[in-house]
Amino acid sequence: MSSQENPDENLPAARATDGHAHGDVGVPDEKHPFADPGLPPHQHRIQDIDERAAKRSERTVALLFTVSMLATIGFIASFVTIPADRIVYIFPLGHISGLNFALGMTLGLALFCIGAGAVHWARTLMSDEEIADERHAIEAPPEVKAKVMADFKQGAKESALGRRKLLRNTMFGALTLFPLSGIVLLRDLGPLPEDKLRHTLWSKGKLLVNMNTDEPLRPSDVTVGSLTFAKPEGLEEHDHDFQTEIAKAALMIVRLQPENIKDKRELEWSHDGIVAYSKICTHVGCPISLYEQQTHHVLCPCHQSTFDLSDGARVIFGPAGHPLPQLRIGVNDEGYLEALGDFDEPVGPAFWERG
Amino acid sequence: MKKLSARRRHPLAAVVVLLLALAATGGLYTAFAPADKAQAETSAQSLAIDEGKKLYAVGCASCHGTGGQGTTDGPSLVGVGAAAVDFQVGTGRMPAQQPGAQVPDKKNIYSQAEIDQLAAFVASLGAGPAVPTEEQYDPKGADIAAGGELFRTNCAQCHNFTGKGGALTEGKYAPPLDDVDPKYIYEAMLHGPQNMPVFPDTTLTEKNKKDIIAYLDTVNSDDSESPGGMELGGLGPVSEGLFGWIFGLGGLIAVAVWVAARTAKAKKS
Chain A
1 MSSQENPDEN LPAARATDGH AHGDVGVPDE KHPFADPGLP PHQHRIQDID ERAAKRSERT
61 VALLFTVSML ATIGFIASFV TIPADRIVYI FPLGHISGLN FALGMTLGLA LFCIGAGAVH
121 WARTLMSDEE IADERHAIEA PPEVKAKVMA DFKQGAKESA LGRRKLLRNT MFGALTLFPL
181 SGIVLLRDLG PLPEDKLRHT LWSKGKLLVN MNTDEPLRPS DVTVGSLTFA KPEGLEEHDH
241 DFQTEIAKAA LMIVRLQPEN IKDKRELEWS HDGIVAYSKI CTHVGCPISL YEQQTHHVLC
301 PCHQSTFDLS DGARVIFGPA GHPLPQLRIG VNDEGYLEAL GDFDEPVGPA FWERG
Chain B
1 MKKLSARRRH PLAAVVVLLL ALAATGGLYT AFAPADKAQA ETSAQSLAID EGKKLYAVGC
61 ASCHGTGGQG TTDGPSLVGV GAAAVDFQVG TGRMPAQQPG AQVPDKKNIY SQAEIDQLAA
121 FVASLGAGPA VPTEEQYDPK GADIAAGGEL FRTNCAQCHN FTGKGGALTE GKYAPPLDDV
181 DPKYIYEAML HGPQNMPVFP DTTLTEKNKK DIIAYLDTVN SDDSESPGGM ELGGLGPVSE
241 GLFGWIFGLG GLIAVAVWVA ARTAKAKKS
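From first to last, the protein sequence lines stand for chains A and B.
Just so we're aligned: 304 in UniProt numbering is position 304 of the first sequence, and the numbers increase by one with no gaps anywhere.
Just so we're aligned: 74 in UniProt numbering is position 74 of the second sequence, and the numbers increase by one with no gaps anywhere.
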C-alpha cells in the first residue's frame, strides 16, 4: 500500500497542501486512542497524465456508442425483414426462431454497448478523486422546529376541527365505517366446505370411463401391468366444473395377478385383479401416477411418497399420512366396469376434521 | 373274405400282414406327424424360429432359461411377444450387461435380421404383441395436439412434459425420449418394458399411440423447433428461474462490483 510506503504523505500537514478534501484526520487522544489514518493519497490514472491514452479511451467509448447505434438499426432492420415464423439452426441453441434471435441479439448488443461505453467513460475519463463528504446533523435547528410546530398549530386552528363538531363527528363516522367494506369481503372465504371434501362424483353403478378414449372400460381392456386413468361416467371435459370434480374423482386403474394382492380388503374390492385407486396423493394432493408395474409401487413426484398398490396402497416411503383410498368396483350386466359406491374415505390430503 | 380267410395259413401270410401293418403305420405317420415337419421346412417363419432358438441359447438362456421359462436372474419370456424382443434387443437393453435396478440402453450388437429371428422364437413360446408395422407407428398425419394431451395424461408423470425423462424409486428412472425411434416408442407402450406400465390398444388405441409419437416427434427430436432457444433441460419455470437467479443475477452483481471497483492507476504501487 502506498500509504505505508510514503508515510509522510499521510500526515495532516502534508495533506493540507495537496488540495484534496480528505476529511478531518483524528489525532490520538484519551477518547480515541487510535488515530484516523484518513484516505490514502490520490493516484492518477494513465488517462489523467497522458493525453494520448485519454484520446484512446475516448475513441473506445465512441466506438461502443457507434456499435450500439448500428445494433439499433439492425434491430429495426431485422424486425422489418425477418418473417416471424422462420426457424433457423444456431449451434448451441438448436432450431430457434430467427426473428427472436436477431431481435434479442441486436437489442442486447445495443443496450450492452451503451452501458459498457458509459462505464468505460466513467472509469477512465471522468474524475476519480476520492472525496469525503461529512454528514450534516440529522436534528433540525431549534428555530426550524419552532416554526414547524407553530405552522401545525395554526393549521389545526384554521381547520376548525375542534369548533365545528358536526364536521368532526361525521368524519369520524366515515372513517369508522369505511373498513367494514374490507371486512364484508372476507365473506367470500366461505362458506364452509361442509361435506364436499368427503364425497366425489363416484356412486353406485357409475361406469369407469377411459380418459383416453372416452369409452367405458371392460375388464378385458385392462391387461396385467397396464395403467389406465378413468373418470366417472357423465363427467365431460367441457363441463364447467370438470376440473373441480376430476380433482377429487381422478382414478388410477391397474391390474395385478389376484394372487399378488396381499391385502384382503383390496382383493375384495377389486374385480379379477383389477384395482382402482384415487390418483390424488394423500400428502398434499399431487396427482400421483408414477406406477412401476413390476414392483407395483406408485411414486408421488412432489415429495416422493411411495405406495404399494399390491398391499392396500400402504405408504412404504415418504411423508404421506395414509394409504390411497380404494374405489370398490365390479362389473355390471352389460360387462362394463362400474363403481360399487363412492370412496370409503375422503380422497387427497388430510384435513383438520377428517378424523 | 373267403379268399382271404382261405389263405390265412399261407406261409407268406405273416409277412404280408406285417408289411400291411408297417405300411399303415408309415402311411399314418406321413399323413400326420411329418406333415408339420414338411411344412416347417418350407416355411421361413419356422426357419426363423430355429435360428432364433440358436441365438437365444447363446445370448439369453443363461438368465431367461433354456425354454424362456425364466430363472431367478431373469423373468419368463412366455407371452411377452415379438414387440418386447424387438424393443429390448433393438435398443441394446438386452442382453443385459449386469443386474441392477434398471437395465440401461446401450449399443445394439445384433443385426435386425437376428433380432427378427429371436423375436420369432420368443413369440413362438406364447402369444404376445407383435412388432408393429411402419404404418402403425409412422407419425405422419397424426393429431399432434391430441397427442400432447394424451402424453400429458399418460406419460408425462414419469417422462416429463416434453419427454426429457425423470427419476423413479431406488435407482430406477424413466429414460429421456429424445430421438427414440418411433417404432421403439410404440413397442414400449405395447408391452411395458421393465417397470413401465403397459398401454394396450384396448385402453390407448393405435391412433392414440400414433398421436403421442407425433407429439414427441414435434417437441423432442433434434430437429424440433424451440423458438426461444436455451431450453435449460425443458424442466419448466423451475430450471429457468434457477438459472436466472444464479447466473443472471450473479453476473449482474459481479459486474456491479467491478464497475465500482478502484480504477487502474498509472503508477503501479
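Think of the hints as simulated: they come from the structure by calculation, not from any bench.
Each residue gets a CB set at the ideal place from its N, CA and C atoms; glycine is no exception.
Please note that a few of the clues may not be correct.
[To be verified] One side of the interface only, derived from the structure: several residues of chain B facing chain A at Cβ under 8 Å: (1) Gln-102; (2) Val-198; (3) Met-230; (4) Leu-242.
[To be verified] Output of the computed footprint for chain B on chain A, the stretches with three or more beta carbons under 8 Å from beta carbons of chain B: (5) 37-47; (6) 120-128; (7) 167-174; (8) 198-212; (9) 298-312.
[Stated by the list, open to error] Per the computed footprint, the stretches of chain A lying under chain B, defined by three or more beta-carbons under 8 Å from a beta-carbon of chain B, are: (10) 185-194; (11) 219-226.
Okay, the hints, checked on the actual structure:
no.: 1; hint: Gln-102; verdict: violated (10 Å)
no.: 2; hint: Val-198; verdict: holds (4 Å)
no.: 3; hint: Met-230; verdict: holds (6 Å)
no.: 4; hint: Leu-242; verdict: violated (18 Å)
no.: 5; hint: 37-47; verdict: holds (count 4)
no.: 6; hint: 120-128; verdict: holds (count 4)
no.: 7; hint: 167-174; verdict: violated (count 0)
no.: 8; hint: 198-212; verdict: holds (count 3)
no.: 9; hint: 298-312; verdict: holds (count 4)
no.: 10; hint: 185-194; verdict: violated (count 0)
no.: 11; hint: 219-226; verdict: holds (count 7)
The structure does not agree with the numbered hints 1, 4, 7 and 10 stated previously, though it agrees with the rest.
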